[in-house]
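Produce the complete structure using the sequences and hints provided.
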Amino acid sequence: MITLLKNGRIYDPTSGKDGVVQDIYIKNGRIIAKPSATEKITQTYDLTGKVVMAGAIDMHSHIGGGKVNIARMMLPEYQETKKYTEPEAHICTPSCSHNATPSATDTGFRYIEMGYTAAFEPALMPVNARQTHLEMADTPMIDKGGYAMLGNDDYFLRMLTAKKDQKAINDYVAWILHATQSIGIKVVNPGGINAFKFNQRRLDLDENNSHYQVTPREILKSLSTAVHQLGIAKPLHVHCNNLGAAGNFQTTLDTMSASDGVPMHLTHIQFHSYGTEGDKKFSSAAAQISEALNKNKHITADVGQILFGQTVTASGDNMMQQLNAKHANPKKSVIMDIECDAGCGVVPFRYKDQNYVNALQWAIGLEIFLSVEDPWRIFLTTDHPNGAPFTSYPHLIRLLMDKTFRNEAFAKLNLDAQAMSNLTSLDREYSLYEIAIMTRAGAANLIGLNDRGHLGIGAGADITVYTDQTDREAMFAKPDYVFKDGELVVKDGKVVKVVWGATHTAKPSFDIAVEKDLKDYFDKYHTMQLDSFKINDDEISNDGRGSIIVHENKKASH
Amino acid sequence: MKPSINTTLPITHCCPACGLLCDDLVLNSNSPVSINNACVKGISFFEKAFSESYAKPSVAGKPTDLNSAIQAAANILSKANHPLFAGLGTEVQGMRSTMRLAEKTSATLDHMHSEGTVRNTLAMQNSGWQTTTLTEIKNRADVILAIGTDIVSSYPRFFEKLVWNTNTLFNKPKPEVMYLGLAEETVKLPEIMSALNALMNAKNPLNKKPDNDLIGGVTIASLKQILEKLKTAKYGVVVWSASALKFPQAELTVQSITQLISKLNETNRVAGLPLNSGDGDSSVNNTSTWLSGYPTRNRFVNGHPEYDAYHFSTKNQLNRCDALLWISTFNAYQPPTCDAPTIVIGHPDMQFEKQPDVFIPVGIPGVDHTGTMFRMDSSVAMPLKKLRNSELLSLSDVISQIEAKLA
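As given, the protein sequences belong to chains A and B, one line each in that order.
Residues in the first sequence are numbered consecutively from 1, following our numbering.
Residues in the second sequence are numbered consecutively from 1001, following our numbering.
Do not take every clue at face value.
[Unchecked claim] Coverage of chain B stretches by chain A, computed from C-beta distances (three or more under 8 Å per stretch; other residues unrestricted): (1) 1120 to 1126; (2) 1280 to 1292; (3) 1339 to 1352.
[To be verified] Pairs of lysine-lysine, DSS-like flavour, derived with a Cα cap of 30 Å: (4) Lys1229/B <-> Lys163/A; (5) Lys524/A <-> Lys1209/B; (6) Lys1188/B <-> Lys524/A; (7) Lys163/A <-> Lys554/A; (8) Lys1172/B <-> Lys164/A; (9) Lys1229/B <-> Lys524/A.
Hints in this document: simulated from the structure, not taken from any laboratory.
Idealized CB from N, CA, C, for every residue including glycine.
See below:
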């Protein structure tokens, strides 16, 4: 069974191919070299004139787990917003579902229909990992994976206070990756979620958690070092302190130096790029943040673009969500402390283009996209659903690729916000090649998915085929074909075959003796046994649909 | 084949008898049942599970083989246009299958304990809430206010595990436990909760009333004292049992509780803990939500999910449905009386006053097969073990076989 994709225009940044016309051969779910003349081609797709890219990878999207399900439960009215016709609807195509809280099934379908073949849940709470995996298991069509949240758990903070050595920290971090079946480590408002439980309401980078007497900076240093020394490909995923607060850009700039040059990824950086200038004491610090990103090569970031309309913010950062709850629209929120592990805050939001702050948030995200020079270090996200549902990606891509379209949208914004943004002076338009970097090659590279995000020999045949259109939103909303592991699963933007993707994990080696102290901790302080906390491979693969892929670590560097 | 223990005893395992899902139980022997760390509910659950009065599948009250029973169930569901799937006493895996069958047969879904669940859901959907989980309580709580519940009737080991524990992360004192609205006083909770919220506002005239004035049978002085304890708590916890609030518009009382918690959080940390009722209610509600986008009381119409916390109740649908599928795998609960053809899939020890059209005994989760359950705080999902080999299929297996035989 060999499938031939003939004459497509290939955009494959990993191999430097920028619109090269080339044939692709697929066998057993993989891209293979041109077979010998004696081998039979079973099926041929003529892709003359079509744009061919690897399947897109969303490296940060809240697709499953406790807070996502709480958002669904709290907002049944969102299931009715699929035919949304209010003014903000100009941001989306008629096919966009506008649903910020899709079911697991819809999540998989909407992703694959846009040509995305993988999405990563960035806030998998270790104690809630089983639920996250259950939901991801019920998400069809795409591959998935999670970043386990650490840095607010009492076990880790006790280690820091007790000045445990880096090896002990590393063993714990590796153990968490195994126990939770994750591929990366995330820290959310380092130390802040924990401090909130002691009634602290804000925590700055160099401020002590009142109980543990450790600072966010120390937490970042310890965790980024652990991730690096263990050889985990995905750099520490950092949701900085002070999310959403005016003036927080300084925290973000300072955070870049917290790891002493060890790689870190700053997530949804738009929400952390706010200044205090102007009459309203809220301004864009996109220029300072972008300049720092350009300079600090060890830092990567995803944007977390906001787009106008109704959505919901679901975050582990209950400290900041408690403060944001006063802006909830509709007026309700769920704030939770969870299991001496972390917390969550779910606050519905409606971003309005005539609201000064919202309009400026929109501009700030785009300013960052256009000012960061290296597309390998900046990633396209809306922090789904926090900035906007992931279904708005095609619209966002058009904003990046089409200056006229962008400036027309800008001209409709709140006038005070327009006056505070330099967006129209940024002439950059992203190329197809750069979009392929941001949404494919770069994302795969960042997470360490060596056989995804590219079209080279041996790659998994996750492939998306588009018709080249000047309306980039229309183009990216509805691919002609999507292949998942070599099978045709989407034709003309509609699912033609249901498949179940794999779960990507990283499992660096560690000293199993770490379980001795953990068991003692669980027995004394937890409400479950250590063995119940750990997720066995069988739990993911025994329903006959799921499977686990373990990615090799980079060479551990000490 | 007689069921036989498939593992070496003793074995540590997880108990699905209540929402705490204690996983420190040790089964020493199944005949007679000997378990360490089990509470009365747990012991009773396992004694019933290991009893040997196992029913056979039956059609119209007559024992038959499994295949015939499955075919009879499929026949009933094939003919039905709007069946009701009620009871839903199952875990995550069972609910996944049940949802799939519901989608194919345009069924309405409601759990046997949803009266309480829905009160909480409605309050949460109206204004949200601020809550906590068991390990936080064990290590942080210094004040606990229990509303409409003594807690221990629902969760016999709550105090042993979370209140009287001596090991805590922060060397806190044992929490002071206060109660409001127990037993016949529960109906007075709407009044009491309104008063507590009013007393939070210093300008409210209620603050000027004499201390020994009674509100809902409680003195103003006592209410003020409760507030004072909560306001000065390092980590206060307010526990309530929505299922105990058996009066009209009880969701407003839940909301009144969550509002008080929210107000208290403006200055210090206080969090809520809504209790569940068991029989997999938390598991079913969560699974339904991620699979369909809606919590239960929902239904499928031509493959599309719909949600209505009022109309899709078992009570409202019993007279409207044209088939009833009753599921109860943890306990041998009988179905409610229904004129429509009735299929029962459930606990092997089930006895009937009125024989259903079809009965299919299935394995008990955590005894006959593995599974996953959500704890009462919904943040933790626990794995259940298989303890014995038996010929009883799991609910998922039976549902899949019915699905395959649908006309």
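**Message:** Need the status of pair Lys1172/B, Lys164/A: alpha-carbon distance at most 30 Å?
**Reply:** This hinted pair holds, its Cα atoms lying about 24 Å apart.
**Request:** Would you check chain A against the region 1339 to 1352 of chain B, counting CB to CB pairs closer than 8 Å, and say if three or more residues qualify?
**Result:** Coverage by chain A is violated for the region 1339 to 1352 of chain B (0 residues, Cβ < 8 Å).
**Satisfaction of hint between Lys1209/B and Lys524/A, Cα-Cα up to 30 Å** = violated, 47 Å
**Message:** Run the distance test for Lys1229/B versus Lys524/A: straight-line Cα separation, threshold 30 Å.
**Reply:** holds, 27 Å
**Asked** Are there at least three residues in the region 1120 to 1126 of chain B whose beta carbon sits under 8 Å from a beta carbon of chain A?
**Response** holds (count 4)
**Request:** Would you mind confirming whether the straight-line C-alpha gap from Lys1229/B to Lys163/A stays at or under 30 Å?
**Result:** Cα-Cα ~36 Å, so violated.
**Prompt:** Quick one, are Lys1188/B and Lys524/A close enough, alpha carbons at most 30 Å?
**Reply:** The given pair, whose Cα atoms are some 39 Å apart, is violated under the 30 Å limit.
**Holds or violated: Lys163/A to Lys554/A, with C-alpha atoms at most 30 Å apart** = Holds: Lys163/A and Lys554/A sit about 27 Å apart, inside 30 Å.
**Assertion that chain A covers the region 1280 to 1292 of chain B - criterion: three or more residues, beta-carbon distance below 8 Å** = Holds: 7 residues of the region 1280 to 1292 of chain B have a Cβ under 8 Å from chain A.
Of the numbered hints stated above, those contradicted by the structure are hints 3, 4, 5 and 6, listed in ascending order.
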